[in-house]
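Quick note, the sequences are listed as chains B and E, same order. Our numbering numbers the first residue of the first sequence as 1 and each following residue consecutively. Our numbering numbers the first residue of the second sequence as 1 and each following residue consecutively.
No lab work stands behind these hints, which were simulated from the structure alone. Incorrect hints may appear among the rest.
If you want the ones that stay clear, here's a sample from chain B, every Cβ over 12 Å from chain E, calculated [stated by the list, open to error]:
# : residue
1 : E84
2 : D206
3 : V211
The list that follows gives simulated cross-link-like pairs (lysine-lysine, DSBU-like), each with its CA atoms no further than 30 Å apart [said to hold, decoys possible]:
#  : chain 1 : residue 1 : chain 2 : residue 2
4  : E       : K11       : B       : K79
5  : B       : K239      : B       : K274
6  : B       : K255      : E       : K19
7  : B       : K52       : E       : K11
8  : B       : K52       : E       : K34
9  : E       : K19       : B       : K52
10 : B       : K152      : B       : K239
11 : E       : K51       : B       : K52
12 : B       : K255      : B       : K290
13 : E       : K19       : B       : K219
The beta-carbon is built from N, C-alpha and C at its ideal position, and this holds for glycine as well.
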Amino acid sequence: MSLPMESILLPGNPACQGCPHALGLRALSVLENVVLVVPAGCTTIISGVHPKASFSVPVLHVPFASAVAVASGLAAAYKQEGVEANVVVWMGDGAADIGFATISGAAVRNEDIIVVVSDNEAYMNTGIQSSGTTFWKAKTTTSPGGKSEEKKDLAGIMLMHRIPYVATASVGYLQDFVNKLRRVSEIRGFRFIHLHSPCPPGWRFDSSKTVEIARLAVKSGAWILWEYDGRFRISSPSKPYKDETKRVPLEEYIKTQGRFRGLSGEDIEEIKKKVEEQWKFVLTMEKTFK
Amino acid sequence: MSSWLEHLIAKSSEGSAGKTGLWRTFKPVHNVEKCNRCLLCLYYCPENVIKVYHHRFIIINYEYCKGCGICAEICPQDAIEMVEEEE
């Protein structure tokens, strides 16, 4: 293991017990000269109550839709002033839904920034409303009968922008996430990481299970770890699960979370079909970008 | 920077939400005998309150530990036990 001993997030911050963002931000500490750009979301709260700040790096709070546009300008300004800085946009899936236009725009312009979407699969900060990336059939306050819409594959969409670097990661596999961040620091241009972040209050499970559930998502194939830097590869934690027979049954993942309570066998079959489709997509991409 | 502007900028500090150790209902207790110093608890502590000294002594900062229990869950040696807090 070569994970950072220190975190850019200081102890005694307002994050919930077992918060996955705190784990992700801990891994983010491997990057040097980080400047965080944070649109509204849980991380805005985690940043602390004025006059105290819980981050040891500069943080810029910005409105939802402008996050990536602000970061683009910031990166350009730092470059012009000759300041060494890694501008990182740390956003949730809510900000990624609302501010997608600026993400897409900055990706097309290939701005020199890093975007990390810490995806807890709903708008947790405002009270667990369903988002574009909410898991199929998951219960939220706006989908009390289980989400009936599709799940958006954000990393897939960013891959189609053909930016220099796209990856998915998980807070259950911090070493893998750190490896990806190290790779990111060697590349210039628009870099995108989609981080899977199981949220204890939002998904309704005990705070001690954050890492375990994140790992179950990968082991059951519900979350696939991959990276693209011109070449598409399935990352090592996900590799064994290319083989469907090696996967943990999806029920194991589903039954650990309150948001899936009361799912029928039919619903689970439907989810399995969707997961299978996702695997097909990822395996096709692996063949396409060899 | 002028002094009034200085006040507008938040300063990095521990305990920006107060003494978060008060949130705890269960307290992680480390067992030195069982521990093999893999440091998984340290790496996966969301609160960053677990520290290691001289590659040997694992110290948990109870002032800020929220008692989420991830360390106890992740420990391969079962060297961290969650003990209920007393009054």
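Here's how the hints hold up against the structure:
With a closest Cβ-Cβ approach of about 20 Å to chain E, B:E84 is found to remain outside the 12 Å limit, as its non-interface label requires. The Cβ of B:D206 does not lie farther than 12 Å from every Cβ of chain E; its closest approach is about 7 Å, which violates its non-interface assignment. Look at B:V211: its CB is around 6 Å from the nearest CB on chain E, not clear of 12 Å, so calling it non-interface is violated. Of the supplied pair hints, the one linking E:K11 and B:K79 holds, its CA atoms being roughly 25 Å apart against a limit of 30 Å.
A C-alpha spacing of about 19 Å is found between B:K239 and B:K274, which places the hinted pair at or below 30 Å, so the restraint holds. The straight-line distance between the Cα atoms of B:K255 and E:K19 is roughly 34 Å, outside the 30 Å bound, and the hint therefore fails. Of the pairs offered as hints, the one joining B:K52 and E:K11 holds, with about 5 Å between alpha carbons and a cut-off of 30 Å not exceeded. Between B:K52 and E:K34 the alpha-carbon distance is near 38 Å, which puts this suggested pair outside the 30 Å criterion.
For the hint pairing E:K19 with B:K52, the CA-to-CA distance comes to about 13 Å; that is within 30 Å, so the pair holds. The straight-line distance between the Cα atoms of B:K152 and B:K239 is roughly 23 Å, inside the 30 Å bound, and the hint therefore holds. Note on E:K51 and B:K52: the hinted pairing holds, with a Cα-Cα distance of about 23 Å set against a maximum of 30 Å. This hinted pair does not check out: B:K255 and B:K290 have alpha carbons roughly 36 Å apart, beyond 30 Å.
With a C-alpha separation of about 37 Å, the suggested pair E:K19 and B:K219 falls outside the 30 Å cut-off, and the hint is violated.
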